[in-house]
Amino acid sequence: MASEAAGRRPITVSETLRQLRTQGGDYGGVWSWIVTVDHKRIGILYGVTAFVFFLFGGLEAMVLRLQLSNPDGIGVNADQFNRLFTMHGTTMIFLVVMPLSAAFFNLLIPLMIGARDVAFPRLNAFSYWVFLAGGIFMNVSFFTGGNIFAGELGAPDAGWFGYAPLSLRGDTGIDYWALGLLILGVSSMAGGFNFAVTILNMRAPGMALLRMPLFVWMTLATAFLIIFAMPIITVALFQLLFDRLFDANFFNVAAGGNPLLWQHMFWLFGHPEVYILILPAMGIVSEVLPAFSRKPLFGYPFVVFSGIAIAFMSWSVWAHHMYTTGLGTVANSAFGMSTLLIAVPTGVKIFNWLGTLWGGSIRFKTPLYFSIGFISMFVIGGLTGIMHSIVPADYQQQDTYFVVAHFHQVLFGGAIFGLFAGIYYWFPKFTGRLLHEGWGKAHFWLMFIGFNITFQPMMILGLLGMPRRISSYPDGFGWNLWNMVATLGAFTIALSILLFIINVIISLRSKERVGPDPWDGRTLEWSLPSPVPPYNFAQIPTVKARDDFWHQKYVEDQAGRPVPVVADGAQGAPANEHDGSEEDHEVHIHMPSPSIFPLIAALGLPIIAAGLIYDYALVAVGAAVLMVGIYAWALEPPTE
Amino acid sequence: MRSVESGRLAVSPWLGIGLLVGLVIILAGCGVDTPQNTFAAEGDVAEKQKDLFNLTLWPAIAIFILVEGLLVYALVRFRHRPGNEGLPKQVHGNTKLEITWTILPAILMLALAVPTIAGIIDLGRPPAKDALQVTVTGFQWNWIIEYEEYTDADGNPLRVIGTCSTNCAELHVPVGREVAVYLESSDVLHSFWIPRLAGKLDAVPGRTNVTWFNAVNPGTYQGQCAEFCGLGHAEMRISVVAQSQEEFEAWVQEQLGGDLTTNAGDGEEGLAEANTARSKE
Amino acid sequence: MSAAERGELEHAPTAEHGLETSTGLDNRKLLMWLFLGSECLFFGSLIAAYLLYRDQSLVPPCPADCVIDGVAHQGLFDIPFTSVSAFVLLISSLTMVLALAAIQRGDQKGLRVWLFATAALGILFLAGQAFEFTEFYREGLTLSTNLFGTTFYVLTGFHGAHVTVGVLILLSLFVMSLRGQLSPAKSLNVELAGLFWHFVDVAWIAIFTLIYLIQA
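Chains as they are written, first to last, in numbering that gives the first Met the number 0: chain A, 0 to 639; chain B, 0 to 280; chain C, 0 to 215.
Keep in mind that the hints are not guaranteed to be accurate.
[As the list claims (entries may be wrong)] From the derived model, a few chain B residues whose C-beta atoms are all more than 12 Å from chain A:
#  : residue
1  : Ala130
2  : Ile143
3  : Asn155
4  : Val159
5  : Ile160
6  : Arg176
7  : Glu177
8  : Thr207
9  : Pro217
10 : Glu234
11 : Gly256
[To be verified] In silico lysine-lysine, DSSO-like type, Cα no more than 30 Å apart, as pairs:
#  : chain 1 : residue 1 : chain 2 : residue 2
12 : A       : Lys440    : B       : Lys88
13 : C       : Lys108    : C       : Lys185
14 : C       : Lys28     : A       : Lys543
15 : C       : Lys28     : C       : Lys108
16 : A       : Lys440    : A       : Lys510
17 : A       : Lys543    : B       : Lys88
18 : C       : Lys28     : C       : Lys185
19 : A       : Lys543    : B       : Lys95
Note that these hints are calculated values from the structure, not bench results. Keep in mind the model is a prediction, meaning the values are calculated, not measured. In this text, a Cβ means the ideal position worked out from N, Cα and C, and glycines have one as well.
The whole structure should be built from the sequences, with the hints applied where relevant.
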């Protein structure tokens with residue numbers, strides 16, 4: 000409660016620093032995390048929670064891979080298999096990659112644009128709690144099938160894209176799935192609005208749009224995709240739920256309904272969603288490569304605009320998920336064309352990353368390894384994507400392991416590698432400690448090798464005619480060997496994640512501290528102390544250039560070669576410009592007050608959802624909780 | 000130390016290349032042990048699809064080698080060397096390069112669009128008039144096959160239902176003759192797929208999707224449902240048995256109990272009749 | 000942007016503190032515009048589903064006069080009635096504008112009158128919708144009857160839910176004003192409620208035109 004009191008009145012920098020020093024950086028215990036509205040803490044909560052879900056999703060994947068390691072399997076039945084792969088996909092997309100990206104938005108965006116927090120700190124806390132509530136709600140479905148210890152699993156069983164009419168038939172698992180996605184949608188939308196407003200409105204003086212770090216640009220593009228894609232899936236899920244719970248007819252063929260409506264709605268959301276997953280990782284890589292090549296990003300405006308182009312074009316390619324549904328030659332040709340063309344801006348990004356490395360002085364640190372892993376694997380994902388846009392060839396590949404391999408190339412080889420690059424890169428900024436390089440490189444190599452021996456064999460399997468989502472397969476189809484290899488690869492990946500966990504533990508316990516700028520970074524966050532103080536910037540910086548912090552450290556001579564700025568005693572080392580050295584300035588900083596109401600409002604949502612499944616009386620309870628939370632939140636003063 | 004590390008990094012992308020090359024070698028040959036190998040095409044449709052796949056595979060491998068090669072080259076050539084603590088020249092970009100690597104891929108993509116659209120139109124044509132008319136209906140978790148050309152004594156079309164405990168569904172067709180498939184579903188989505196003969200087409204409840212294929216050589220071609228359809232999805236198999244015309248007719252006769260009447264030539268009317276008959280059921 | 004105001008962005012109005020944002024637009028107003036953009040996609044999807052299934056119902060009742068399986072059926076829509084309720088909602092946008100004008104010139108009494116009038120008109124609209132739903136239900140149209148019932152109730156129901164939320168916001172503002180918590184400096188609150196209200200109004204005009212008036 001101490002921190003709440005602190006937030007009720009203006010605090011000064013020196014006061015905060017004193018508080019930090021006396022409490023050893025930990026300002027207020029568990030309760031302070033529950034009521035926090037600090038974007039950095041929310042970012043850490045997002046990251047840790049998403050990582051826990053990553054372990055869940057990974058565990059599900061391990062069971063799936065074991066079952067498929069040989070034709071006889073390990074005794075997982077079709078029902079369990081269907082539920083597990085549905086939850087694996089749903090978890091990895093909505094509970095891992097999206098929230099991990101959100102963790103980076105939270106941690107970095109205010110720091111990169113020179114702001115003290117996001118535009119709506121309590122809405123930000125609300126996003127996190129809703130995400131947590133939705134994730135738990137979704138996973139609770141596992142327990143609804145009977146005795147879970149006897150292998151009677153609940154959970155949805157219609158696949159992560161829940162095609163109607165199959166999704167009309169399943170048990171309550173599907174209700175959990177649809178309602179869980181609606182809850183998670185609220186979280187994503189709240190985050191999308193918050194970061195769009197933050198980026199558009201909260202930039203430090205001089206931080207013009209075309210001076211923003213690439214990661215900020217990609218976040219902005221992602222936020223807009225979320226804002227416009229989420230309502231579509233929201234409507235689709237409502238339609239599904241109305242059909243399931245209230246006997247509506249949206250997808251009821253007997254009443255003339257068209258099951259393809261679901262597919263159009265789902266993929267009209269679903270393809271922008273793919274870019275919601277990958278653009279943040281592209282942003283991360285675009286930050287890491289310049290730092291370790293010691294050169295600015297090559298072709299900055301082209302990388303920015305290709306990202307925007309991708310975001311726009313992602314709206315025009317949804318039906319390439321539906322080539323085999325019988326859309327007709329005109330539609331298939333149009334979507335084939337648009338899918339081919341989206342490869343162009345994607346290629347532009349890759350070439351610019353190569354251009355960034357070119358002529359650099361590349362330091363081989365772990366974040367760079369993961370970024371290189373991203374590029375080299377994402378290229379395969381992109382090229383196989385082009386193969387899918389060759390529509391007649393796709394008639395063979397659709398719904399086979401070739402597709403499974405393709406999207407794992409993009410989402411694991413791409414997004415997950417990119418996100419790990421970000422974790423290794425920014426870990427010191429928020430913990431004050433570097434992750435261990437040796438363990439980090441071991442983690443990278445094991446994950447990289449494991450990744451390749453898991454997913455490249457799946458391409459072969461797909462071309463050998465193995466469809467996805469089968470819980471067993473007959474002997475004698477030439478699939479045995481490659482399935483076994485893929486399973487071994489999956490366990491290699493699992494081992495690499497174990498190395499990562501060990502690395503985090505070792506590094507967090509290490510006594511070694513790191514300065515504000517361990518990588519000779521280019522963007523504003525590296526001008527701040529590590530870990531970053533609650534108020535971020537003692538003084539809001541004035542930005543004079545792209546890569547502003549780098550320009551504080553170096554000037555370019557006439558040949559374009561950088562020369563370090565001579566440290567001037569009066570100014571102090573440039574790295575310290577924005578840290579707490581101005582202790583004596585009585586700068587009044589109004590920090591947003593901590594609040595419990597975002598959590599309370601968030602709690603209302605899963606109660607309403609459970610009520611829709613079990614008892615409508617609960618809906619009223621949940622709605623009351625939600626209303627109390629929102630009204631209390633609205634009436635509570637944000638500061639003072 | 001640094002250079003050793005970069006050397007190790009340099010090896011890794013070749014792993015991918017090796018796997019891709021291995022893939023090509025593996026897929027090029029055998030069709031014996033891989034009854035659903037999309038590369039062992041035995042029908043005109045699958046053949047065209049395979050050709051289109053190969054058409055993109057080689058440019059894709061070329062681009063892959065180019066990009067990964069440039070990546071590895073850049074990593075080795077521009078690695079930080081001990082003793083050289085100066086910073087590299089700060090290059091911000093090059094508009095000519097940008098235009099080049101925007102335009103060239105765009106041209107390549109448009110070039111790929113030509114055979115793609117040609118292929119879509121080619122395979123998307125309606126079935127030939129003289130094709131064998133077959134209605135294939137997917138249901139959880141099997142297939143019903145109806146031959147509109149052949150009717151039993153009561154005038155109902157010849158109807159074969161897969162018995163999954165033994166052999167699942169068998170679609171008998173004469174070798175070389177085009178087969179028109181009218182694809183329907185009576186419950187959820189399914190997808191009709193015989194990899195060595197033709198790519199897949201979904202069976203969507205409430206509508207009839209039409210496709211066609213042929214088998215060039217006699218034989219049994221394995222296939223299975225390719226759209227997730229619930230508990231029995233993995234077992235929802237179907238195979239196409241391509242036989243000579245004589246063998247095929249003998250099979251039909253056997254199915255009809257020796258009473259073969261044929262409607263060949265007015266397949267569409269037969270289909271219409273069959274549909275009316277079904278709707279009355 | 001000055002540091003001191005940072006924490007007050009969520010509720011403090013722009014004018015009071017001379018707060019500057021990068022775009023010059025208040026954070027909350029920008030949020031509202033983005034939210035309304037998102038809402039366009041939401042209603043767009045619902046309207047698209049309705050239009051896709053228009054005239055596809057296999058059984059009556061139909062929105063307008065129709066013939067199914069050779070039997071003629073009378074349409075359910077009562078255009079004059081719905082025109083009146085659409086007009087009611089349209090007028091409420093006017094009273095909303097008047098409420099905002101009142102708070103901006105410091106006229107608390109006017110503010111209360113117009114806020115209340117807007118909310119009352121909203122409630123009147125909702126009553127009209129409740130009446131319409133009841134009538135349709137009596138004529139045999141439920142959510143499960145046919146595609147028309149499904150798409151119509153869900154589309155107009157979600158619109159009604161938006162109007163309900165709008166009424167709640169208006170009444171909350173009304174109570175705040177009674178308690179003297181709505182000073183002219185907080186006119187942004189009224190402006191934001193107004194933006195939402197106008198959007199809901201415009202959405203209804205789109206629905207009324209596409210669903211009721213245009214019978215293809």
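We went through each hint and held it up to the structure:
For Ala130 (chain B), the requirement that its beta carbon stay farther than 12 Å from each beta carbon of chain A is met, with the minimum near 18 Å. No beta-carbon of chain A comes within 12 Å of the beta-carbon of Ile143 (chain B); the shortest separation is about 17 Å. Distance check for Asn155 (chain B) against chain A: the nearest CB is about 24 Å away, which clears 12 Å, and the non-interface claim stands. The Cβ of Val159 (chain B) lies farther than 12 Å from every Cβ of chain A, with a closest approach of about 21 Å, so its non-interface assignment holds.
The beta carbon of Ile160 (chain B) sits about 21 Å from the closest Cβ of chain A, which is more than 12 Å, so the claim that it is off the interface holds. With a minimum CB-CB distance of about 21 Å to chain A, Arg176 (chain B) clears the 12 Å threshold, and the non-interface call stands. Taking the minimum C-beta to C-beta distance to chain A, about 17 Å, the non-interface status of Glu177 (chain B) holds against the 12 Å cut. A beta-carbon of chain A is positioned within 12 Å of the beta-carbon of Thr207 (chain B); the least distance is around 9 Å.
With 12 Å as the threshold on Cβ separation, the claim that Pro217 (chain B) sits away from chain A holds: the shortest Cβ distance comes to roughly 20 Å. Its beta-carbon lying about 8 Å from the closest one in chain A, Glu234 (chain B) breaks the requirement of being farther than 12 Å from that chain. No beta-carbon of chain A comes within 12 Å of the beta-carbon of Gly256 (chain B); the shortest separation is about 32 Å. Between Lys440 (chain A) and Lys88 (chain B), the direct Cα distance comes to roughly 28 Å. Compliance with the 30 Å bound is thereby established for this hinted pair.
The hinted pair formed by Lys108 (chain C) and Lys185 (chain C) meets the criterion: a straight-line CA distance of about 15 Å does not exceed 30 Å. Note on Lys28 (chain C) and Lys543 (chain A): the hinted pairing holds, with a Cα-Cα distance of about 28 Å set against a maximum of 30 Å. Proposed proximity of Lys28 (chain C) and Lys108 (chain C) is supported: the alpha carbons are some 25 Å apart, at most 30 Å. A distance of roughly 21 Å separates the Cα atoms of Lys440 (chain A) and Lys510 (chain A); the hinted pair therefore holds under the 30 Å criterion.
Taken as a hint, the Lys543 (chain A) and Lys88 (chain B) pair is honoured in the structure, with Cα atoms around 21 Å apart against an allowance of 30 Å. Among the hinted pairs, Lys28 (chain C) with Lys185 (chain C) is consistent with the structure: their alpha-carbon atoms are about 13 Å apart, no more than 30 Å. Our distance criterion of 30 Å between C-alpha atoms is met by Lys543 (chain A) and Lys95 (chain B), whose separation comes to about 27 Å.
Checked against the numbered hints above, the structure breaks hints 8, 10 and satisfies the rest.
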